[in-house]
Amino acid sequence: MNNNFKYKKHISTSVLMVSIFMLSIFATSCEFDLPEANSIPDATPPSAAFSETIGADYLTYTFGNFSASATDYLWDFGDGSTSTEFEPEHAYTAQASDETEAGTTYTITLTVKDKLNVESSLSKDLVIKKPAKPIVPVPVIGEPGFEDLTLPDGTGDGRDSWRCSFGEIMQITSSPVTFGKQAAKFPSDGSRVAYQEVAVTKNADYVLTYWYTIKTTPVGSVTVSVLAGSIGSLAEAADATIISSTGNDQSDDSVYVQVDVPFNSGDNSIISLLITNEGAECRVDEFSIAVAE
Amino acid sequence: MKQIKFLIILLLGVFVSSCSDFLSPEPISAISTDNYYKNDIEIETGILNMYNGIQGLNSTDTDDNHAIQVEYLLTEVYCDNGKTKSSEGEQAQFEEFKVSPSNGYVSDYYGSFYNVIYRSNLVLENLGNASDANKASYEAEAKFVRGYAYFNLVRLFGDVPLVDKIIQPLDTETQFTRVAEDQIYELIISDLTTAVNGLGAGTYGRASKATAQAILAKVYLTLGEYTLAKELLVDAMASGYSLEPNFKDVFYNEGNKEVMFAIVYDGDTSNDSQNFSAEWQNAVGRSTGLNYVTDEAAAAMLAMGGNRTAYTYRVDPKNLNLNQVAKYIPNGDTALGIEPTSINPVLAGNDWIVLRYADVLLMYVEATMGTADATSDITAVNAFNLVRSRANMPTVNSITKQELLDERRVEFAFENQRFFDLKRFGVAQQVLSQYSADNGYGFTATDLLLPIPQLEIGLSKGVLKQNPGY
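Protein chains in written order, with the numbering used here: chain A, 1 to 293; chain B, 1001 to 1470.
None of these hints come from the bench; they were simulated from the model.
Check the hints yourself; a few may be wrong.
What the hints assert, rightly or not - The list that follows gives simulated cross-link-like pairs (lysine-lysine, DSBU-like), each with its CA atoms no further than 30 Å apart: (1) Lys-181(A) x Lys-215(A); (2) Lys-124(A) x Lys-1098(B); (3) Lys-124(A) x Lys-1465(B); (4) Lys-1423(B) x Lys-129(A); (5) Lys-1401(B) x Lys-202(A); (6) Lys-1465(B) x Lys-115(A); (7) Lys-1038(B) x Lys-1135(B); (8) Lys-1209(B) x Lys-1248(B); (9) Lys-1401(B) x Lys-130(A); (10) Lys-1248(B) x Lys-1318(B); (11) Lys-133(A) x Lys-202(A); (12) Lys-1423(B) x Lys-124(A); (13) Lys-1098(B) x Lys-113(A); (14) Lys-1135(B) x Lys-133(A); (15) Lys-124(A) x Lys-113(A); (16) Lys-1098(B) x Lys-1461(B); (17) Lys-1465(B) x Lys-1423(B); (18) Lys-1248(B) x Lys-1098(B); (19) Lys-1465(B) x Lys-1209(B); (20) Lys-129(A) x Lys-202(A); (21) Lys-1465(B) x Lys-1401(B); (22) Lys-215(A) x Lys-130(A); (23) Lys-1038(B) x Lys-1248(B); (24) Lys-1038(B) x Lys-133(A); (25) Lys-1098(B) x Lys-115(A); (26) Lys-1098(B) x Lys-1423(B); (27) Lys-1401(B) x Lys-1423(B); (28) Lys-129(A) x Lys-1401(B); (29) Lys-1209(B) x Lys-1135(B); (30) Lys-1423(B) x Lys-1248(B); (31) Lys-202(A) x Lys-1423(B); (32) Lys-113(A) x Lys-1465(B); (33) Lys-1401(B) x Lys-1209(B); (34) Lys-1248(B) x Lys-1401(B); (35) Lys-1423(B) x Lys-130(A).
As the list claims (entries may be wrong) - Looking from chain B toward chain A, a few residues come up when the C-beta cut is under 8 Å (computed): (36) Ile-1189; (37) Gly-1267; (38) Thr-1269; (39) Asn-1271; (40) Ala-1372.
Just so you know, even glycine gets a beta-carbon here, dropped at the ideal spot from N, CA and C.
Model the full structure from these sequences, guided by the hints.
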C-alpha cells in the first residue's frame, strides 16, 4: 500500500516535469512566430505571364507559361473550363459567333500562387474567329468572245485586247462561231498569235474555259498557254508556262470543242494567255475564267 | 650640398624630357592594337581573324572559345533531332530542355560570338587606314560577319546587348544592357545590306555577295518579310551555284559548287582543325556519343530522306541500337566510301557548312508561299523538285507548309537548322512539347530562348537580366 502510493507520487511528479518542459518549448517557440526586426518582405513575389499560340485548327490553342516565382497555376479559359497544368492545351467548342465579323471573345485568366499563398493573375482577351475563305474575284478577260465593240468603253474590233509586240494579231472569222457573231481565226502557216495579260489573285485555283475547232486537213493543232506574269517575246513563253493545252480534234471543222484548263496562279498577280497554232487553220472562241470551288 | 642640388636638377631634367615618348615607346618586338591595322595587309589579317573566331579553338579547355564547334548543342540537341548517348553532364541539359544558366556551353557560345563581334568591330574601327580601293569590301565583309553573329545570338537569346563599336572594360552599360530584338534586327539588316552591296564573288570559306543575300533573306523570312526575301533569293539563285548531283559529295567533296559559305577546317593542324566530328562518334573523341540521332529523326529520314538517309546517319558500330551522324565522319567509313579527313580524328578536317544552295532553293519556296499554307507556284514547285529529285524522291505539283518543313528537316538534318526552322514556322512550341512529352523531357514555352549565361549576369552586377523561366 505504502509502496503503491509512492509510485503514484512518482508518476505525478514526472507528468508535471514533462508538462513544464513542453510548456517551455511552446512558450519559447511562440516568440519565433512574431516578426523580428530583421525580417524582410519577399522581394520576388509571384507574377503571372503567358502567351497563346494557335494550334492545328482555329479552335485549339497551346499556352506558354512565362510566370515567375510561382508554384501553383490555375488557368481559366473563359468558356467555363479550367486547368492546373503548367502549360495546357485547350480546344474551344465551335460557336455560331465564330463566323461573325467580331468573332467570339474569351477572357483567359492565369492565376499563379506561391507557397505563401501570395497570388498574381493576368487576364487577356482571346478572339476566336473562323478563318474566312478568302474571296477571290473572277478575273476579267478583254474581248473574250472576239466580238466587235465589247471593250468597256464600247469600242474595239474584237482583237484589241489580244495584241502584242512580238507577233502579228490573229484574224477574225464570222463563221463558224460558238456564241455571238465572231471568233478568232489562225491561218494554217502558224504566223499569227493572240496574247493578253489578265489580273488574278495569287495562289488561287481557277478554271480557264475556251472552245476551238480545226480544219480537217492537213494535220494541225491549236495551243492555249497560261503563263506566269507577262512575257516580252515568244522565246520566253516556255519558261513561264504554268500550264498549256493543245487541242488536235480535227473530226469536224464546223463543230467547236470545249476545253477546261484548271490552273493555280501561284505567286503571280498577273498571268498571260497565249494562243498559237500550227499545221492547219484553227478557230478559237468564247474564253472565260472561273474561280475553282 | 651643391652637388646634391646639381643632381636634383639633373634628375628633374631627365623626368621632364622623358614625358614625351621615352616612357611610352612603340613596342618593336610585339604587335599591339595601337600600332597594328595600319595598312591593307594588316587589315586583311583582321578579316581572317573574324573567321578564325567563328571557327573556334579545337581544345578541351572549358575556358577557350569553341564558337561554332559547340553550336550543335544549342540547336540540334536542343530540338527533336539530336540527343546524347549517355544522357549525362551539361550536354544532356540540352537534350532534356533543362538548360541551367550556369551551363558552360551556353556561356562558351555566347562569349565566342561576342568575341567574333569584337573582331568585326576591330576591322570596322580601323577602316580609315585601308586603301580607297579596298575600304568598301573590307567594310562589307566585317559587317557580314557581325550581322551573321548577331542573327545567331538574337535567335537563341532574344534581346541581347548591342555592341557596334570597340568598347572599354568599364563600359558596363553597353556590355550588359539588353536591347530589344527589333533594334538588334535593325542592325543585322543594315549590316547585311551593306554586305550585299559591297561584296563580290568570294571563295566558299569567306563571305560572298550571294551568301550575304541568302542570309539576309533568312533574316527577312524570320521577320515575315516574304517579298523582300524573295527578291534577294532570286538574285542569289542567279549567282552560279548549283546542287551537287550526289548528296554524299556535298559533305565529302569540299569546296563543291553547292557550298556557298563554310567554316573551313584543316585536318591534323592544332590551330585549324575541329573536334566535334570525333565527339559525335563512339569513343573516338574525348567526349563521346554527342549529337546522336533521335528515334524521331531516324524515322523521318527513313520515311522522307530518300538517298540522303545513308549519308545522314549510320548505325553506331560499337552500339548497334544507336545511330550516329554520318555527314562529318572524321576517320572514314569504307562501307560508305568515305575517306578520313585527318590521321588523328580528334584533329578533324571536315568543314562546317553554314549555307548551301539547297537552302536557297527551299528558302525560295518559303518566300513564295509567304503566309499561305500551300503553294503550287510553278517556280517554287520547280525549286522544290530540284531538291527532291537529287534525293531520289518523287516530285510534287504543290507544296504545303508541313511538307516544306519536313523537307528541310531531312535535307538539313544535323546542320543546325531544325531549331530555327521550327521557330520560324511558328510550330516550335507545338512540336517540341509533343516530343518532350513522348520522351519524358522538360520542355516549356520559355525554353524557346536559352538562358543568358550566369557568368555574364554575375559580371554585370545586376544590370543584365535573365530570360523568363530560368
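Consistency of the hints with the structure:
1. Lys-181(A) x Lys-215(A): Given that 30 Å is the threshold and the Cα spacing comes to 19 Å, the pair holds.
2. Lys-124(A) x Lys-1098(B): 29 Å, holds
3. Lys-124(A) x Lys-1465(B): Status holds; Cα separation ~25 Å.
4. Lys-1423(B) x Lys-129(A): Roughly 24 Å separates the two Cα atoms, so the pair holds.
5. Lys-1401(B) x Lys-202(A): Distance ~16 Å between Lys-1401(B) and Lys-202(A) Cα, so the pair holds.
6. Lys-1465(B) x Lys-115(A): Cα-Cα ~25 Å, so holds.
7. Lys-1038(B) x Lys-1135(B): 13 Å, holds
8. Lys-1209(B) x Lys-1248(B): 26 Å, holds
9. Lys-1401(B) x Lys-130(A): 20 Å, holds
10. Lys-1248(B) x Lys-1318(B): Answer holds: Lys-1248(B) to Lys-1318(B) is near 23 Å, not above 30 Å.
11. Lys-133(A) x Lys-202(A): The hint holds at about 14 Å.
12. Lys-1423(B) x Lys-124(A): 23 Å, holds
13. Lys-1098(B) x Lys-113(A): 23 Å, holds
14. Lys-1135(B) x Lys-133(A): Violated, at about 53 Å.
15. Lys-124(A) x Lys-113(A): 18 Å, holds
16. Lys-1098(B) x Lys-1461(B): 25 Å, holds
17. Lys-1465(B) x Lys-1423(B): 23 Å, holds
18. Lys-1248(B) x Lys-1098(B): 35 Å, violated
19. Lys-1465(B) x Lys-1209(B): 37 Å, violated
20. Lys-129(A) x Lys-202(A): 23 Å, holds
21. Lys-1465(B) x Lys-1401(B): 36 Å, violated
22. Lys-215(A) x Lys-130(A): 53 Å, violated
23. Lys-1038(B) x Lys-1248(B): Violated, at roughly 44 Å.
24. Lys-1038(B) x Lys-133(A): 63 Å, violated
25. Lys-1098(B) x Lys-115(A): At roughly 23 Å apart (the allowed maximum being 30 Å), Lys-115(A) and Lys-1098(B) satisfy the hint.
26. Lys-1098(B) x Lys-1423(B): Since the Cα atoms of Lys-1098(B) and Lys-1423(B) sit roughly 18 Å apart, the hinted pair holds (cutoff 30 Å).
27. Lys-1401(B) x Lys-1423(B): 14 Å, holds
28. Lys-129(A) x Lys-1401(B): 21 Å, holds
29. Lys-1209(B) x Lys-1135(B): 16 Å, holds
30. Lys-1423(B) x Lys-1248(B): Holds - the C-alpha atoms of Lys-1248(B) and Lys-1423(B) are around 28 Å apart, at most 30 Å.
31. Lys-202(A) x Lys-1423(B): 26 Å, holds
32. Lys-113(A) x Lys-1465(B): 23 Å, holds
33. Lys-1401(B) x Lys-1209(B): Distance ~29 Å between Lys-1401(B) and Lys-1209(B) Cα, so the pair holds.
34. Lys-1248(B) x Lys-1401(B): 27 Å, holds
35. Lys-1423(B) x Lys-130(A): 24 Å, holds
36. Ile-1189: 23 Å, violated
37. Gly-1267: 44 Å, violated
38. Thr-1269: This interface hint is violated because 46 Å lies over the 8 Å limit.
39. Asn-1271: This interface hint is violated because 43 Å lies over the 8 Å limit.
40. Ala-1372: Holds, about 5 Å.
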